[in-house]
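**Student:** If you want the building blocks of each chain, they are given just below.
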Amino acid sequence: MSRQDTSDIVFRRILAVFPISILILVAGIFYQLVSASLPSLHKFGISFFYNSTWDPVAENFGALPFIFGTLVTSFVALLMAVPIGVGAAIYLAEYAPPGVSKTISILVDLLAAIPSVIYGLWGIFVLVPCMRNNIQPFLGKYLGFLPFFQGPNYGVGFLAASIILAIIIVPFIISVSREVILAVPSVYKESAYALGATRWEAIFDIVLSYGRVGILGAVILALGRAIGETMAVTMIIGNNAVITSSLFSPGYTLASVLANEFAEADTNMYLSALIEIGLVLFIVSIVVNILARVLIWSVTKGPAEVIK
Amino acid sequence: MVSYQRSCGSDQMKDVIHNAYNRTRTQRFLWNNAMVYILSLCALGILCILFLILFHLFVQGISSLNLNFFTHLPKPVGETGGGMANGILGTFTLLGLAICVGVPIGLGAGVYLSEYADQRFAQTVRFMADVMNGIPSIVYGIFAYIVCVLPMKGFSALSGGFSLGIMMIPMISRTSEQFVRMVPSQLREAGLALGVPKWRVTVDIVIPAALAGITTGIMVALARVAGETAPLLFTAFGNRYWQHSLTQPIAALPLQVFTYAISPFDDWHRQAWAGAIVLILMVFLINGWAQFYVMRRNRWTSGK
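Protein chains in written order, with this note's numbering: chain A, 1 to 308; chain B, 1001 to 1304.
Just so you know, these hints were derived from the structure itself, not from any lab. One or more hints might be untrue.
To be verified - List of simulated lysine to aspartate or glutamate pairs, DMTMM-like, C-alpha gap at most 20 Å:
no., chain 1, residue 1, chain 2, residue 2
1, B, K1075, B, D1266
2, B, K1153, A, E264
3, B, K1198, A, E264
4, A, K189, B, D1266
5, B, K1014, A, D5
Said to hold, decoys possible - If you want a taste of the chain A side facing chain B, the calculated C-beta under 8 Å gives, among others:
no., residue
6, V34
7, A36
8, L38
9, F49
10, F75
11, G87
12, I104
13, L107
14, P115
15, I167
16, K189
17, A192
18, A197
19, R199
20, A255
21, A259
Even for Gly, the Cβ is constructed at its ideal location relative to N, Cα and C.
Start from the sequences, fold in the hints, and give me the full structure.
**Tutor:** Right under this line is the structure:
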């Protein structure tokens, strides 16, 4: 008996190393990023976030254009992806017959499985020419009075990157908001029907207002993906560190500056500044994820298997 | 939050009545019918984009996809032809290394959380794993650069595999915990009743019973990291020749697709499309295999 107990305790101790190593890994990533970006943190301090010069030769680093680019592309991408994604999720959860709903869900998962470098490839050779020849001239002609749709038209730029980002995040919005919508107790919907509500009224006034916190969580989760998305954006944003109101202009994001410049960083300060950008991405993504999960759990009542 | 959900019923019902009163009957039913079409158009639009991407991929890539693509090294700039054999082999090597890092830790953590952990600890680890899943892949690349590339003084296959491996850990841990938990407790009790120590029950009964699910989880994680490019940019770095050692830079299919796509040469663009087809087929096949496992499992449990 006692021999068995010993072997059990040993096994348990050994196995406990693995979950603890997950905790250590997260802490270790944070520690390594902070310690490697210390030179830059000391030298630039808070000015790193509002200085708009990025000059590796003079070793003067400010991340403002990249922060701007990340915020603009993510925001515009959400603007496009949220209505379509939530709309499709409502269709899948409430309208589509089970067979159709299942097929479409599988296809949407397929869309989510496409590697981002392939989105980038498609973006360079299909989307960018289309933007240059059709979409951007059209927008410039009819909406050119807005500052967003002015300026030279290269095809690559904020708008192209936002469209690719929207395509990449739409599957996440669909699958999470579908789960949230399905989690709304059907009693509420049925009582709306009993009051004579039409199907759409029951969905819009009851299901969406009950699930809106969870859907907000889905949107924030998608925002996290958009902020961290690297390859597709790097390939079509045009890599130009500017702050401008024009969406046609080539830009830069936090993740794409890492992808382009990290392997070529030749001085310690340069490397340290780039790692600080990585640190910013790390912290932002953690905050965004925690926020999103708490919101989703509040609707689905606990950490259900919503997020894979 | 709780108070909001409790009040949901009556307040929202008032909204329904209020909104309905402000519209005419025709308006209400027109909206109701229109929304069906608008919402289905949303779903249709997304499917169109998927088909558009797959269509372009196959139309553009199929012409460059031949035997040479799988058996030859990339040709120097200016010469046409050649292939990405080293990239394909490199991707498999990196995935193999990633499995060595990701599977033991992920599986161990999953089994511990399901079989041994108390709830508080389990919640914390689960939460951390979820948070890790949301960290941008390029950050893992930076981490691997700091802990592997800098001490080893050079880009290497090992550091590339390491960065992909740690990305797999949270995914594998979450799925394997789920599947181990699904093993019926009668199986465990039957083992324990025979006087078998708990660790033998876990290793010999619980894990084999959950093996199909665990494999599925590993495959899904593998499919996700197979297409990752960002963490490889400054860990595996890429290589235009065969790689002979794990401590040297190694080629990878997604990396090659990236470099070829942003190059100025037409022939390289064609090869990038071909590489993209191979990559996407690889990802879809691994995913499909995983789905097959799940389906077979479902049939087995529902037939019982």
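**Student:** Each hint needs a verdict: does it hold in this structure or not?
**Tutor:** Going down the list of hints, with the structure as the test:
1. B:K1075 to B:D1266: holds (14 Å)
2. B:K1153 to A:E264: Status holds; Cα separation ~15 Å.
3. B:K1198 to A:E264: violated (53 Å)
4. A:K189 to B:D1266: Roughly 57 Å between the alpha carbons, so the hint for A:K189 and B:D1266 is violated.
5. B:K1014 to A:D5: Violated - the C-alpha atoms of A:D5 and B:K1014 are around 62 Å apart, more than 20 Å.
6. V34: violated (11 Å)
7. A36: holds (5 Å)
8. L38: Not OK, violated: A:L38 not within 8 Å of chain B, min 12 Å.
9. F49: violated (18 Å)
10. F75: Violated, because the Cβ-Cβ distance from A:F75 to chain B comes to roughly 17 Å (cut-off 8 Å).
11. G87: Interface hint status for A:G87: holds (3 Å vs cutoff 8 Å).
12. I104: OK, holds: A:I104 within 8 Å of chain B, min 6 Å.
13. L107: This interface hint holds because 6 Å falls under the 8 Å limit.
14. P115: Hint holds; A:P115 Cβ to chain B Cβ min 2 Å, cut 8 Å.
15. I167: holds (6 Å)
16. K189: Where the cut-off is 8 Å and the nearest Cβ of chain B is about 10 Å from A:K189, the hint is violated.
17. A192: holds (5 Å)
18. A197: holds (5 Å)
19. R199: holds (6 Å)
20. A255: holds (5 Å)
21. A259: holds (6 Å)
This entry does not satisfy hints 3, 4, 5, 6, 8, 9, 10 and 16, going by the numbered hints stated previously.
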